[in-house]
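A.B. asks: Listed in order, the protein sequences are those of chains A and B.
Taken in order, the first sequence gives residues 1 to 274; the numbers are from our numbering.
Taken in order, the second sequence gives residues 1 to 340; the numbers are from our numbering.
Hints were generated in silico from the structure; no laboratory data involved.
Do not take every clue at face value.
Partner residues are not named here, just some residues of chain A that face chain B (Cβ under 8 Å, in silico) [said to hold, decoys possible]:
1. 8
2. 52
3. 94
4. 104
5. 107
6. 170
7. 172
8. 224
9. 238
10. 254
Pairwise CB distance ranges, derived in the manner of DEER restraints [unchecked claim]:
11. 44(B) with 113(A): 50 to 56 Å
12. 104(A) with 168(B): 55 to 61 Å
13. 216(A) with 144(B): 29 to 35 Å
Beyond 10 Å from chain A on every Cβ pair, some chain B residues (computed) [stated by the list, open to error]:
14. 29
15. 60
16. 120
17. 211
18. 221
19. 301
Here the structure is a predicted model, which is why all the values come from computation and not from measurement.
Beta carbons are placed, not taken as given, at the ideal position from N, Cα and C, and that holds for glycine.
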Amino acid sequence: MLEARELVIGYGRTQVGADLGLSVQAGDILCLLGPNGCGKTTLFRTLLGLLPQLAGEVRLGGTPITSQRRAEIARRIAYVPQAHAPPFPFEALEVVLMGRTARLGPLAQPGKADRDAAQNAMDQLGIGDLAARDYSRLSGGQRQLVLIARALAQDTPLIVMDEPTASLDFGNQAQVLARIARLAQGASSERRGIILSTHDPDQAFALDARVLLMHQGRIMADGPASEVLTGHNLSTVYGIPVTIETTGSGRKVCLPSLHLQSDPTITSDALTIA
Amino acid sequence: MGRGTTAELRGSKPGLTLTGGLALCVAALAFGAVMIGPFGLSPGQTLAALLGQGERQAEIVVWNIRLPRVAAALLVGAALAAAGASYQALFRNPLVSPDILGVSAGAGLGAVAGIFLSLPVAAIQASAFVGGMAAVGIVTLVASMVRNTDRTLTLVLIGVVIGALAGAATSLLKVMADPYDQLPAITFWLLGSLAAITTEDILPALPMVLIGLVPLALLRWRINVLSLGDEEARALGVEAGRTRFLVIAAATLITASVTALAGVVGWVGLVIPHIARMLVGPGFGRLLPASVLIGAGYLLIVDTAARTMAQAEVPLGILTAVIGAPFFVWLLARGRRGWS
């Protein structure tokens, strides 16, 4: 569905990343991991056709993305940005309804079928009761869910999510992850391909996702979470010692060491009053 | 805030009722404004004159003096409010006014140049119109040549630059103008007034405003999407650059037409969309008609006050500023949430 080959990304003359390749089909969950500034957002913008690539190619549905109109792209790939505050107090349902835009003619207004689709998308995520609420007054987590509902209403085979759990509390993170996992499952006709970025390697384990580990604008490793997310790889990318352990239930977790090697270690002796 | 919007989405009646109610209010205000003036008319006399069955003197007052002026006030108010609502959605900022891209500064320069060259009134109006359109044209052209990822911010900043340049040129002409004849005319024009308006002045502006309103009405859904920002709008399937260009062209056409007619009337395009948004929410499909109606009614009231409150005409721009500025402070005091 979405394919990138030998991609060089960046802004004008500034190259941010190079030699990037990936391919996503319906049913895939591709998890993009890497430290701040490694080029994740630039890669996303390029994959969505919002930023022209400097070299290489992005193909969406078999044709180069640069040759497609925005509406064509928007019928194949939906984008969930990080939750933001809009300048105007649109209702949550209106925000979701905007996901239908690519299905409307340039001068058309959304009709009843579109409103039903928007309401359905909200119901699917369990936020149907927020429909009439002012989007700008919702909590960060609720806004993120509204934006995901908008992507569902857009009804695309692919969804790109930029750190969908960044603004969420512990409970909401787990809920959103569960929804994401469910979007990639189900009958083959409604299965979606998902690309998401995250700062939490544990989420890649939880989703059992394929992982692209990015480091300084390049792909350092690509494969199933259990193979890519090794203590060695994560230590290299994030610059801190990381160990991977398996919990009693069999799930893997990452444990970063809080002891920076160069710093002196505070021991209990130092705290004891002689 | 935005309470009415669900009604709009569900296509139910309250929205239409509100718009209809506003339209009735504006019609009643217009009727009242035709009655008021140095030559007072009773409702009966006014109605008879409007139907062509009144006394001769009343008919002359109604048709030659009051109606052109009332129509001009309605047109200017509606146009400025519609343009303001469009620019605010486009620039994702409720503090934006129709002058943001330099249309007033350009129109001001055009008119002042016309007065300076002692051109006839129609030529001064044409010059103002061309000046306003040219200023925004230059802004969009320069902005398209500047490489910057934030198109909106680039436009606004270039707008400030071109506006300042046009303002400097206007000041230069004021210094050079004949202080007894041209300077008062320039000052009066820059403050905005409908005092000398005739039917012949309105006729060229009216179709321009209507032509400008058509794309705004047709693109009303896309304008909503555009107010999420360029990147999101594009990801949702909107050709943001093209749509923005159309909206800017339409809103500028509207503003330049009425500025050529009435001079620089500030604050209407800034304040009225806020009031409309409080009533009908931010959905552009209902914000546009509400802004048009409230803007028309508001400027009619202000202009009627301008021509009746004192012996001499009070320039419109002064009144709209005196009313608009405190209102704006009140909006600020309500905090950011109050923008809705």
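A.B. asks: Which earlier hints can't be squared with this structure?
C.D. replies: 1, 2, 6, 7, 8, 9, 10, 12, 18
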